[in-house]
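Since the structure of chain A is already known, use the hints to place chain B on it.
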Amino acid sequence: MIDFEEELKKFRPSLEVEDAEEAINGYQNTMDMVEMLMKLSDRTKAKEEEQE
Amino acid sequence: MVCYKCGCRLSEHDYCTGCGEDVTLYKKIMCMSNHFYNDGLDKATVRDLSGALVSLRQSLKFNKNNIEARNLLGLVYFEMGEVVSALKEWVISQNLRPKKNVANNYIDTFWSNQTRLDAINQTIKKYNQALGYCYQESQDLAIIQLKKVLSYNPKYIRARQLLALLYINADEWEKARKELLRCCHIDTNNTTTLRYLREVEQMLAPEDGSKNTSKKKTGSGEVIRYQSGNEMIIQPVNGKERKGASVLLNLGIGIVIGIAIARFLILPAIIQGANAEISDNLRVVSEQSDAKTATIDEQQQKIQSLSDENLRLQDELATYEGTDGALKATDGLMLAVGAYLQNPDDVETIAGYMEALEQEEGAEEENRTPSFTDLESKFLAVVSERLGAYYYDIGFRSYNAEEFDKAIPALERAYRYNNTNVDALFYLGNSCRQSGDTDRAKEVYAQVIDNFPGTNRASRSETYLAEINNENQPAE
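Top line first, the protein sequences correspond to chains A and B.
Here the first sequence stands for residues 608 to 659, numbered as in the numbering used here.
Here the second sequence stands for residues 2 to 477, numbered as in the numbering used here.
In case anyone wonders, no lab produced these hints; they're calculated from the structure.
Honestly, I wouldn't trust all of these hints.
[What the hints assert, rightly or not] Heads up, simulated EDC-like pairs for lysine to aspartate or glutamate below, C-alpha to C-alpha not over 16 angstroms straight-line:
id	chain 1	residue 1	chain 2	residue 2
1	B	Lys443	B	Glu463
2	B	Lys62	A	Glu642
3	B	Lys65	A	Glu642
4	B	Lys156	B	Asp291
5	B	Lys126	A	Glu642
6	B	Lys176	B	Glu200
7	B	Lys29	A	Asp639
8	B	Lys407	B	Asp394
9	B	Lys28	B	Asp15
10	B	Lys176	B	Asp141
11	B	Lys179	B	Glu202
12	B	Lys126	A	Asp649
13	B	Lys126	A	Glu625
14	B	Lys101	B	Glu69
15	B	Lys176	B	Glu202
16	B	Lys443	B	Glu472
17	A	Lys646	B	Asp309
18	B	Lys29	A	Glu625
19	B	Lys65	A	Asp639
20	B	Lys6	A	Glu623
21	B	Lys149	B	Asp119
22	A	Lys652	B	Asp23
23	A	Lys646	B	Asp23
24	B	Lys6	B	Asp23
25	B	Lys100	B	Glu138
26	B	Lys28	A	Glu625
27	A	Lys616	B	Asp23
28	B	Lys443	B	Glu413
29	B	Lys28	A	Glu642
30	B	Lys379	B	Asp394
31	A	Lys652	B	Glu69
32	B	Lys6	A	Asp649
33	B	Lys407	B	Glu444
34	B	Lys29	B	Asp49
35	B	Lys6	B	Glu22
36	B	Lys62	A	Asp639
37	B	Lys29	B	Glu13
38	B	Lys443	B	Glu403
Isolated chain A, as found in the complex:
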């Protein structure tokens, strides 16, 4: 049985044109797996150099 109130909470306001700029800029802050890999690689190298 569908609970109307609960289902209604799943609907979010749609992104308006004025908000698009902010969403686009937010893209810069997201991190993908490649970036995480690069950071991990950098940290690993840094630790290895410290140990040497």
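Just chain B, lined up with the frame of chain A:
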């Protein structure tokens, strides 16, 4: 594929040939990103937009610089009606690869048509407003707004799902089902849509059978509902036929219904036909009556004209009768002339006609025609001497017999027909004197004296005139 460290092109080895970096994990990440992109592409091809959306997002989580995955994600958003999200993805894609990017074309399509962009923005605002109405429990307003939104942007999945949810909440299952089916047409495998649709199908066909047909007895248990394809069929339950009294009752009801049909459907038609026939007959009779009335009027006008003509002729006749003195006088003169022509010695008859002519002459003197006067004068020239002698004889004998009433007119006529007869004039004066008309006697004596001077009759007239004058003088 290039090395994320030095940018050198990678080979089949697990390390970079340029910098020696281990790229095993990197290669796996890139392969996973491409795998999800391919998966998204496959799903988008069969219109599983929701599935494609998940796969493409997954692809971008592995590699956010996957331009193809981002462009396809934008397209999927656009197809689902999420235009701003689509624009966002295309703009990011454009920033990542400014040239030779299909996202440029998509963006140019939008920015070149500012009106369409405004309409899309208004659509999104209305959707958000409708969502606000839902939270404020104004579902009716929300439905109106969502209908407007969908009229502008029919592919807007979220708005259509929300509208279906509102219909479900209002127990309008058929409407909800229609909206959800449209959602399925756009996005075939949307989880929310399918969940709502299953709920709606259950409400419409709670006892869903294996052959997509089901039976449901209502509260009263008199009908069966079942789903056949997309159609909801409601069928009455087949009960046993009732026999006996119910048959007679049904027969009676049928007869009553038949009579009612005859009374309310057939009979009015018959009455209407009869009325139409009567109206036609009435119209024909009316036309005939009008024609007869016109004939009567025409005859009356003729009668009136004939009456006027009759009156006119009567007036004309009266006019003729008023002027018939000439005719009568002519008749008298003609009779006298006829009598003279028949017997010139019959003076008495001629005298009688002439006396009658005298009586008419006084009133019709002015109406005499010249021909009449001419005839009369010529006739008198012939018979005046005889008439004068005839009347003198009568007058003298009457004078001697002292019948002055007869003597006076006879002597007058005798003198008129023969004005040389002094005796006739003299005895006329004596007759007037003897009858006591002294004034007339004086006039006649004066006429004798004037017309016949020097005669014996004139001298005697002077004597008698003197005597009359002496008698009339008062005694001194």
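Original post:
For the pair supplied as a hint, lysine 407 of chain B and aspartate 394 of chain B, is the alpha-carbon distance within the 16 angstroms limit?
Top reply: 12 angstroms, holds
Original post:
Within 16 angstroms, alpha carbon to alpha carbon, are lysine 443 of chain B and glutamate 472 of chain B?
Top reply: 12 angstroms, holds
Original post:
Within 16 angstroms, alpha carbon to alpha carbon, are lysine 28 of chain B and aspartate 15 of chain B?
Top reply: 8 angstroms, holds
**OP:** Take the C-alpha atoms of lysine 6 of chain B and glutamate 623 of chain A, compute the straight-line distance between them, and say whether it is at most 16 angstroms.
**Re:** 38 angstroms, violated
Original post:
Given the proposed pairing of lysine 149 of chain B with aspartate 119 of chain B, does the C-alpha separation stay at or below 16 angstroms?
Top reply: Distance of about 15 angstroms is within 16 angstroms: holds.
**OP:** Would you mind confirming whether the straight-line C-alpha gap from lysine 29 of chain B to glutamate 625 of chain A stays at or under 16 angstroms?
**Re:** Judged against 16 angstroms, a Cα distance of about 38 angstroms means the pair is violated.
Subject >> Hint consistency between lysine 6 of chain B and aspartate 23 of chain B [alpha-carbon to alpha-carbon, up to 16 angstroms] >> reply: Distance ~10 angstroms between lysine 6 of chain B and aspartate 23 of chain B Cα, so the pair holds.
Original post:
Are lysine 62 of chain B and glutamate 642 of chain A close enough, with their CA atoms no more than 16 angstroms apart?
Top reply: 10 angstroms, holds
Original post:
Keeping to a limit of 16 angstroms between CA atoms, is the pair of lysine 443 of chain B and glutamate 463 of chain B held or broken?
Top reply: Given that 16 angstroms is the threshold and the Cα spacing comes to 10 angstroms, the pair holds.
Original post:
Can the restraint linking lysine 29 of chain B and glutamate 13 of chain B be considered satisfied, given a maximum Cα separation of 16 angstroms?
Top reply: 12 angstroms, holds
Original post:
Holds or violated: are the alpha carbons of lysine 443 of chain B and glutamate 413 of chain B at most 16 angstroms from each other?
Top reply: Answer holds: lysine 443 of chain B to glutamate 413 of chain B is near 15 angstroms, not above 16 angstroms.
Original post:
Are lysine 616 of chain A and aspartate 23 of chain B close enough, with their CA atoms no more than 16 angstroms apart?
Top reply: 46 angstroms, violated
This entry does not satisfy hints 4, 5, 12, 17, 18, 20, 25, 26, 27, 30, 31, 33, 34, 38, going by the numbered hints stated previously.
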